[in-house]
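Novice: Make a model of the complete structure from these sequences and hints.
For reference, the chains in residue letters:
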Amino acid sequence: MRGIPPKAPLALIIALTVALGACGGGEEGGTDEAVESDTGTTPTGDDDAPSPATEDADGATTAPEEADTGAAGPRPETLVVDKSFDLATADPGRQFEVTGTIVGVALYDTLLTFEDADVSTPVPHLAESFEANDDATEFTFTLRDDVVFADGSALEADDVAFSLNRVRNLKGNGSFLMDGVTAEAVDERTVVLRAEQPTPQLPRILPNPTLGILNADLVRENGGTDAEDAAEADTAEEFLNTQSAGTGPYVLEQFDTTTETILAANPDYWGEPPVYDRVVLRNVEAATQALNVQSAQSSIVLDLAADQLGQLRGDPSLDVVEEASPNIWFLFANANPEISDVTSNPDFREAVRYGLDYDAILELAGDGAVRVPGIIPNVFLGALGEQEAPQRDVDRATAAVERLGGDVTVELEYPSDFTANGLNFGPVAERVQATLAEVGITVELTPAPIATALETYRAGEEQMGLWLWAPDYPDPADYLVFGAGGIVGLRAGWPAGSDPELEAVMEEVATTVDDAEREPLFEEFQRQMNERGVMFPLFQPTASVVARTDVGPVQFHPAWTIDLEAVGR
Amino acid sequence: MLSRFVARRFAAAVALAFGVVLVAFLLTNLVPGDPAAANLGQRAIEDPDAVAAFRRQYGLDQPLPVQFGRYLTNLLTGDLGRSQQTNRPVRTDLAEFGPASAELALTATAISLVLGIGLGTLAAVRRDGPIDQALRVVSLGGVSVPLFWLALIALYLLSFRLSLFPGAGRLGPGAPRPPSVTGMYTVDAALAGDWATFRSALGHVLLPAMVLAAYTIGLLTRFTRSSVLEVLGNDYVRAAHAKGLPVRLVVRRHVMRAALVPIITVVGTAFASLLAGTVLVEQIFSWPGIGSYAYRSATTLDLPAIMGVSLFVALVYIFVNFVVDVLYGVIDPRIRAS
Amino acid sequence: MSAHTAAGIPLTRRQRRLTRSAWRQPLAVIGLSIASVWLAIAALAPLIAPTDPILQESGRFLAPSAEHLMGTDGLGRDVLSRVLYGARISIPLAFMLVGLSVTVGATLGAAAGYVGGWLEEAVMRVVDLVFAFPPIILAMAVVAALGPDLRNAVLAIVVVSWPSYARVTRSLVLSLRSSEYVAASRLLGVSSARALVREVLPNVAGPVLVLATLELGNAVLLLSGLSFLGLGAVPPSPEWGAMVSEGARTFNFWWIGAFPGLAILTVVLAFNFLGDSLRDALDPQTSRAVRERAL
Amino acid sequence: MSLLEIDGLAIALPTRTGVRRLVDGVDLRVEAGEVVGLAGESGSGKTLTALSVLGLLPHGAQTGGQIRFDGRDVLALRRRELRRLRGADVAIVFQDPTTALHPMIDIGTQLTEHLRVHRGVSRKAARARAVELLGLVRLPDSARALDAFAHHFSGGMKQRIAIAIALACEPRLLIADEPTTALDVTVQAGILQLLDRLRRETGMGVVLITHDLAVMNVTADRLYVMYAGRIVEEGATRGVLDSPRHPYTRALLDALPEGDRHGRPLLPIPGEPATPEARPAGCPFHPRCVHARPECSSRVPELVTLAGGRAAACPVDPLRGDGSSVELARHRGG
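So the sequences go chain by chain: S, E, X and U. According to this note's numbering, the first sequence holds residues 3 to 571 in order. According to this note's numbering, the second sequence holds residues 859 to 1196 in order. According to this note's numbering, the third sequence holds residues 3 to 297 in order. According to this note's numbering, the fourth sequence holds residues 311 to 644 in order.
To be clear, the hints were calculated from the coordinates, so they are not data collected in a lab. As the structure is a prediction and not an experimental result, all values here were calculated from the model. Here a beta-carbon is modelled for each residue, glycine too, at the ideal position from N, C-alpha and C. A portion of the hints provided could be inaccurate.
Stated by the list, open to error - Partial selection, computed: residues in chain X whose CB lies under 8 Å from chain E:
| hint | residue |
| --- | --- |
| 1 | I139 |
| 2 | M142 |
| 3 | A250 |
Specialist: This is the structure we're talking about:
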C-alpha cells in the first residue's frame, strides 16, 4: 500500500480532540489560558508575525526617536492596523466611510483640523488663520507658505478651491458638506468660501477628510475637474487610487479595498514627521482581530466589540482605549398612519419611550458606552445633561399600551449584516424586543441585509427601525436631520409640518451664528423631541482602540477613529 | 469528429453561460432593494442628482432589456462592467479574487485527493478491519462537521493558541506580493524563486485549505473506498494477482486506474462544492477570494459583480466538467473511442 | 405478504433485505440512537429545557456551571436551553427541506427520464444551470427577495438542491425504462403514468431514500451555514448556526459557539451514519448512481 | 513426483453465519504434459481448489492439507515466493475473458507486465515476445493488437489473448477455469484445440475446469468429478464418461444436452445443489440421488479405489445397469 502522509490528518484530529477537550475541561479556561499564552511577546511560530528579533536590526536604524516612549520591548517598525474594511476609494472627494476617513486623514491635510480628540474647536492646519463674517456666509482663509506636495510644488489657493469645489460637484456621499458653498482663490495664499445661507458649522465641517486638499495640477492632469459636471467628467479616481496627491504625513504605497492598504511616511512632510514609517491597514474580520492583537500579529485593532474587551484589559502587553463613540444608536416609530396605525399613535410613542429599559440595553454597548439623553451625542455642543434623559416608567408605558387597546404588535427592522464598533444590531434589537415585551408590546424582528433594509428605511416604510447615526461633522447642526422634515425624520414618516413648534426651533437654530445662542436652542430642540418626537435615542456605544503597548500611546479620535500620524507620539 | 465534439461542447457552454448571466440578471433585478441605496450611503442617497449620476454611471436608468443587451454587448469585448462596491472593473476584481480562491480550492483539492484517495484505498484494502471502521467514522465526521465551526476552532487552536499556522490573510501584513503571473501567490512566488514568500504564502493557505478539505476528504475517502472495493472484486484484479505482480503494482496500475474514473466525477463535483464552501471559510480567514466577493456583492446588490461572479463560477464549472471528461478519455480508452 | 413502507409503496424483496442488513451495522445503530435522542429533544424541549430559550434573565457571559450547564450568552440567555430548543428548528426544517427537494427533484427527474424528449432536455438544462450557478448567490437572492427567515432559507436551498434528486431519479428511471419488465408492461398497454407509478417508482424509492437520508445532514449544514451568515434564522430564535456566529464574535466565551456547533455536528453525524449504512446495504448497482450524486 | 500433488486439501471460508468448509479432503495429481479435467456443478469447489494452487483464495480463507507444486509446498510458501510462482510457473485462464482483461490497459502491457516483473526483460524484448505470443495463439495482426484495448476484440479473441498472457512466462502448469463457458459454441472448439496444441508443444500440465463433460471428453486425459467440495469420482476420461461409477457423474452425463447421442432424453438433476450453508449429513448427494439408501444419510462415503486406476465415493454398487437409473427417474417424475 502506498504510504499515507500522516501529518495533515493528524493535525486535524488533534485539533478536534483538543477542541473537544477544551469544551469539556476547565471552566474559565478560555480566559486565563489565553492570557497566559500571550504574556510572552515573542511572536509565535511563523515568519509572518512581526518578529522583534528580525525587526530589531532594521528598526534600530530607521526609527531613532522611539526611545522616549518607555514602552516595554522594541517598537515595531511597521504599524499593522486591523480594520474591518468599508473602504471604497482613496479619492478623498469620493470617500465617506470610516476606513476611507482613516486613510484620508493620513494622506490629505485639510484647511482646519481638530487638535487631538477635541472636536469642539477647529484649529488652523493648512490655513494659517481664518476669519468669518458676522452672518457666517463668508470665510476667508490664509494658507501656510511652507507646505509642499510630494512632487515639490507648493500649496496654493487654487489647490484648495479646486479640491473643495470638486467635492461639491462630484455629487458623492460627502458632497452635501459643500452644499451651497463656493470656494474661490483670491490670491496665491488666500481662499474665500462663500455660503448661500448662514453656515456657522462650516469651520467644524472643514476638518472632514473628504475636504482634503489635492494637488490641483496633478489631479487635473489625470482627469480631475471641479466643474459643474464633475460627477461624470471627473476621472481622477483611478489615479488617486494608485498614488496620493496630498500634503499629508503619509503617501499611498498600495491601495486595495479588500486586503490591505499600505501607507508610507511622506519624506517631505511639512509638519512633524509621523513616528511610524509604514502603516499596513489590513481588512480583518472583527472576530479575528482580538486573536491577532493578542498574538502580536497586529499592532492595533479597531473593531473589537465591547464584550471582547474585558479579557484584553487584563493583558499587560495590551493598551485598551475605551471611549464613548460619537455614534448614536436610535429607534424610531413611524409616524405615518399609512405604514402603521399603531406606531403613528402618540400613545405608542409614549409607551415605547417609557417602556424601554435603557440601562438593560446600554449594558450591551460596553463599559465605555453612555446613554444619550437627547439626539445629540455628549461630545458636541448642545448635548443634554444626563438628568434630562427619559427614565423608564413601566406604569406609564403600560397605561399607554392600554390606551392603545392593549396587546399591540409591531415590526422592527434593522440591518442584519452591519456591525459598528464591534456591535451588531441583532442583540440590541433582541433586547429592545425583550424589554418592550414587559410593557405589553410585542415586537416582531424583521432583520434584512443592509442593502434591502436601507431601501425600506429610506422609503419611510419601516414601522419601527433600529439604526445608528455617525456624525458627518462635529456640530449639532448635523442632528437637525432627525427633526420633522429632516432626512431621518422623513424616513420615520415625519414630514415637515408635522410639528410646527419644533420646526420653528429648527429654523431658528439653523440661522443662528453664535454658539452661545445656538446651545440653548439645540437643547430646546432635543427636549421637544424627547417629549413628542418619533425618535428614541438609545446610547453611544463603546468605541475601542486596542494596541500593543510597544506601539506607544494611542488615542481614539471621535471624528476619524484613529489618527495614524499621532500613533506613538 | 473531435472538432464536432468540441464545437458542440462549446455551444453548450455558451448557452449555459448565457443562461447563468440571464438568471443572475433577472434575480438581482427582481430582488427588492436599490443598488443606489446600498452603495451611495446615507447622505448621497438623499441627493437626487447623486442618485441620478449613480444610475447613469451604472446604466441603471435604462429599461431592463436595454441594460441586459448592453451588458451582453460589453461582455463580447471582455468588459464585465464596474463593481459598485470596489469601484473597479469587475474583470480586475475577478482577476484578483479568482486566483485567490483557486489557490485555496486547488490546495484543498490536492489535500483531499491525496488523503481521500489514500485513506479510501487503505480502507478498501483493509475492508471491515479496525482501520476501515475508524476511517469510516473519521470520513463521515469530515462530511458532518460544520465548516464554519471547524474554521473557527482551527483558527483559534492551531493558529492562535498553538501557533502552528499564521493567522488570517494570504501573506504576512505588509509583505510584498510576488510578481503576478497566475495570481496564486504560492505559484507566483515559486516561479519568481522567492522561497521566503512561497513559505509564507503556503503557510497561510494551508490552514483554510485543510478546513475546506475536511468535507471533501470525507467524501473522497468514502467514495474511493466503495469504488476500490468494487474494482477489487473484478476478475481482472484477480487476474493481475494471478500473474504474480507485486501488490503495489496491482493497486497502482490495475485497481486505481479503474477506480479513478468514478472518483474523478466526484472530484469534479467536489471542486464545485469547494467553491461554495469558500464563502464561509474565506469570511472567517479574511481570505480575499471569490466567496467573500460573492457574499459582499450579493449583500450590496452589486449587480455587475453578481453577474461577473455568476459567470465566473459557471465558467469554472464548465471547465471542470470539461477537464473531467477529458480525464475520462485519458484514463478509459473505451470512452475515448466513443 | 409484502411489507409496506410508511408511504405505502410495497418494498421489493431486495429492499427488505437492505433494511434488515442495515440495522446489523453498529454505525447504523449509533446513528439511529443519536437521531432518536435529538428527535426526542426536539419533541420534549419545553419539558426538559431548564429555562425559556429567549429569557434574558441571567448574567451575561456566565461560564458553564451547575446552574447553567452550558453557560449563558451575551444577552444572558441559557445556552443549554437554546441548544435544546434549537433542535425544534433545525431538525424539522431539514426534513421539510429534504422533503420538498425530493418531491420537486424526483418528480421532475422521473418525468424527464420517463417521458424523455423536450421535457427531459428542458429539465436537464435547468439542472445544469442550477449546478453551474453559485449557490450562495442564488440563496441570497431568494432570501433577499423574500426576507431573511428560515422558511425562506429553506426555499432558497430547495432551489439549489433539487437537481441532485432530479439527476439520480432520471438516471434510475432511464435504466429501468429500458429494462424488460417495464417494456413488458408497456406492451401490455399499461399507460405511461401508471407504469411509472407501479413499476418504476418502487425501484427508485430505495436509492432516493438513501440519498435523502444523506442529504438530511447536508440540509442541516446548509441551513446553519446560511444562518451563520445572517441569512437564515431571525432573532431571537435559537438557531444553531446563528448561535455559532454569535459565539465567533467572542472567542473568549467559547461555550456560546462551541455547544451549538457540537449540536450540529452530532445531528449531521447521526444522519450520515444512517445514510451511509443504508447505502452500504443497498446493492451495488443502484447505489452507484446514489454515490455519484450524494454530495 | 508429479508436477502437482494435492493431498487432503480442505478450504474453509468465513461467511455470515460462520466458517464453512467448502472443499474437503481433495486429492489430485497432475503430470507434466497431461490435461486433467476437474468437473462439477458451480459451487462444488472446483474453482476454489484451482485458486488455492496459486494462493489466490479469498480474504480470510483457511486451508488444510498439502499442495505441492514441483515438490514445493505451496500453502507454506511466503508471500514473495508465492508471487514468484504465480504467472511464472503456474498460470491461470479465467472463465470470462471480458472481465479478466483489464479494460483500460493496453493489450501489450497486459501481455508482458508479469514477464517484465518475473524475468526483468527489457521493454523492447517484452514487445517482441508479446508479438510472438499473439502469433502462438493465432491472433491476426498481432503487432497492431498490442496497442489496442480489450474492447476492440471479440470474445474468442479475448480468450486467446488471455491464454497468451498465461503463456507469457512459459508456465509448467496452466489452470484453465471454464475457459470456454462464456464463449459461443463455434468458438469453444477453437479454444480447446488451441489448449491441446499448446500442451503438446510446450509440455506443460493443464488443469481444465468445467461443468461441461462434453468438453472433457474432447480434451482431458484424466478426469476428477467434484460434488459439494469433495472428489466423488476420478479416472481416465474415457472410462469415467463411458461407465460412470458415481450416481452424480451419471446424473451429470444425463443432464448433458448431447446426452441424446446415446439415445437417451435430457434429464435434469433433481433438487438443488448442496450449498455450503445447507450441506446434508452423510453423503452430500443423497437427497438428490436416485440410488439413495438409508445409510447414505448418516455416513460420508470414502473415495474407494477401483480397478483401472479409477476411484469413486459411493457404496452403492456403481456397476448397476445403465437403464435402471433412468427408469427410477421416470418413475419419480411420473
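Novice: Now look at each hint and say whether the structure bears it out.
Specialist: Evaluated hints:
1. I139: holds (5 Å)
2. M142: At about 4 Å, which falls below the 8 Å cut-off, the nearest Cβ of chain E leaves the hint on M142(X) intact, so it holds.
3. A250: holds (5 Å)
The structure agrees with every numbered hint stated previously.
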